[in-house]
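Knowing the structure of chain A, use the given hints to seat chain B on it.
There are 2 protein chains.
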Amino acid sequence: MTVFQGLITAGRTVWDMTVIHESRRARLAALLAEHDVDAMLVTRGVNVRYLTGLVSSNAAVLVRGDASAVLATDSRYIETARRVCSGIEVIEQRDVAGGLVKMAERPGIEAHDMSVARYRRLGGEPTPVDGIVELLRVVKDESEIEALRTACDLTDRAFADVVATIAPGMTEKRIARALESRMVELGADKPAFDSVVASGPNGAVPHHSPSDRPIERGDLVTMDFGALYDGYHADMTRTVAVGTVSGWQRELYDLVREAQRAGRRALAPGAGTEEVDAAARGLITDAGYGEHFGHGLGHGVGLELHEDPFLSPSGAGRLEDRVPITVEPGVYLPGRGGVRIEDTLVTRADGPELLTRTTKELLVL
Amino acid sequence: MTVFQGLITAGRTVWDMTVIHESRRARLAALLAEHDVDAMLVTRGVNVRYLTGLVSSNAAVLVRGDASAVLATDSRYIETARRVCSGIEVIEQRDVAGGLVKMAERPGIEAHDMSVARYRRLGGEPTPVDGIVELLRVVKDESEIEALRTACDLTDRAFADVVATIAPGMTEKRIARALESRMVELGADKPAFDSVVASGPNGAVPHHSPSDRPIERGDLVTMDFGALYDGYHADMTRTVAVGTVSGWQRELYDLVREAQRAGRRALAPGAGTEEVDAAARGLITDAGYGEHFGHGLGHGVGLELHEDPFLSPSGAGRLEDRVPITVEPGVYLPGRGGVRIEDTLVTRADGPELLTRTTKELLVL
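Protein sequences, first through last, are from chains A and B.
With the first letter of the first sequence counted as 1, position 6 gets the number 6 in my numbering; the numbers rise by one all the way through.
With the first letter of the second sequence counted as 1, position 8 gets the number 8 in my numbering; the numbers rise by one all the way through.
Okay, chain A solo, but in the shape it has when bound (with noise of 0.2 angstroms):
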């Protein structure tokens, strides 16, 4: 795909979104022939979003095999896409998907999001397509890297203000929104996703809901947590001690670090997700804490949260270049606590460039 170039202004890169939205219709218009259908109706909005800039909760654009859309959107979403979507055709229309199906001879809709009862309205049998725009989004263009820079960046600093202000007897609530409010303080759009701050045996879990536990001396604490900017999605955890650190918590620690590294040192565009897995996860076996790192090691980030391509002993795909992805090992020891240390990077050829810059050796707090 074409590398766009941004044009800097005032230190900042000022991207022509018209031109990279419309490119992004014209790669998918490409891969039409091969999915047998003359026309795409992309409801999921995400990749709407991505297809033609708009952000809506009702909104669907029908992309033709030589690159002509048409987007549909209703009321409350009309003027703003009259303004956003340039170089398509603009329809007001409440039932998005009803409309537009009717424009194309053998359209194609999205199986993956599309449900059961809307497909049976639509009526017609439209073609079921698995995750096409998902394909085309796994590689990142720089105007999206540099959002997820800046998405990391204030990801860092929120943690940097906050984790100053830990001390025993504060809440894992009260740490969570303190990080939230502080990366919107910061200029975030808002948390990338809900903060996990698990304390003490709260740790040993890995998706904990920060509670009203108050930090004891004594406790490992893992902060999960990220800002959204532009869209984009930072993901970052980091684990630290309050006060003291006990033999087993340096032990674990260090392990998982290790292993973190080793993770990261496989990333490069090339290598199959399962052989980067298993970089971090074989020193984790081999410590004798297999069974205790139950989830992937990372996950791919962007418009969403969690995306293609995943990090997993399951894994069959191979990496590509410019593909920003998490690597984030965990133990979790029940009743005991647990150790996560995840950043956010994209692959990169001559190596992964590190975009959450937070440190990994064990603050003490």
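For the record, the hints were derived by calculation from the structure and aren't laboratory data.
Where hints are given, some of them may not hold.
[Stated by the list, open to error] 30 angstroms max Cα-Cα, derived DSS-like pairs, lysine-lysine:
1) B:K360 with B:K173
2) B:K190 with A:K173
3) A:K190 with B:K173
4) B:K190 with A:K190
5) A:K190 with B:K360
6) B:K190 with B:K360
Keep in mind the model is a prediction, meaning the values are calculated, not measured.
Okay, now just chain B, sitting in the frame of chain A:
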């Protein structure tokens, strides 16, 4: 349905959620026969939460005709599931739907939620059922209304604090962030949705995203926002004036306020949803602004921001008792601006309970 009586402890009602979840599953079980299924496979996250209390991005619950149930989730959520879900079998499984569907002879699936692709992968053609749990969710129990009351109270308090700071020069984005941060500081889980702050001509766009436009003297500013508390969504809109109010602005405001009052007064158990819409819309149409009120009058709120019932000209249902719902007429004049006023209320036999209590007098800041 049963009204659950809460236990008042230290001024706060404590609900026995185990009993409440059990009762919800029993009500679902009682509906299965009429859909010609012997079990319902519930995959929609918000419905899994409603039936079991578990908040997870990958969980499903199978509810059988005898009201027994099995919940499946993956390793990330399994510890929480075992703690939260009482009275049901909990199994660890990554493909949460695939395993559960085999446990019933004639299972139903959520046709409005399950994707075409997932349905095909399941195999065996389970029966598509539309919105069965959503139907149960329309009438709220008092534990739900209490959560919503708290969410609305946080929304009111954040508005009071932030409105005092609005002045010419502040950008829409800054106001949005201030409202969102303040709600979280006061105790909200997070904002219930992306806030709308639309000033001056931007007020003509009902779902305008906050921009860098600075507020100007003479602007109307519409703020549509709310707090999320314990999973429940508050939703409130107020339009204020900055500095001065012109004749057309005052006239438009008074019209929308009268229409909103008429809509609220029409809210009653037994009222037709299109009648409530008409009560407000009639005033706006009579004043000659009918074409500038392009959306429905309101929507149910609860575990989702927009849920049944919907108040619109094409509605056909009737309201029941204890249904939280918004009333939000608006008039949008392209190029000039707009006014919207919205409350969250609950239908009650003796007149609607107003949950958002911020004044609807025109504030001139």
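Hint by hint, here is what the structure shows:
no., hint, verdict
1, B:K360 with B:K173, "holds, 23 angstroms"
2, B:K190 with A:K173, "holds, 11 angstroms"
3, A:K190 with B:K173, "holds, 11 angstroms"
4, B:K190 with A:K190, "holds, 10 angstroms"
5, A:K190 with B:K360, "holds, 28 angstroms"
6, B:K190 with B:K360, "holds, 25 angstroms"
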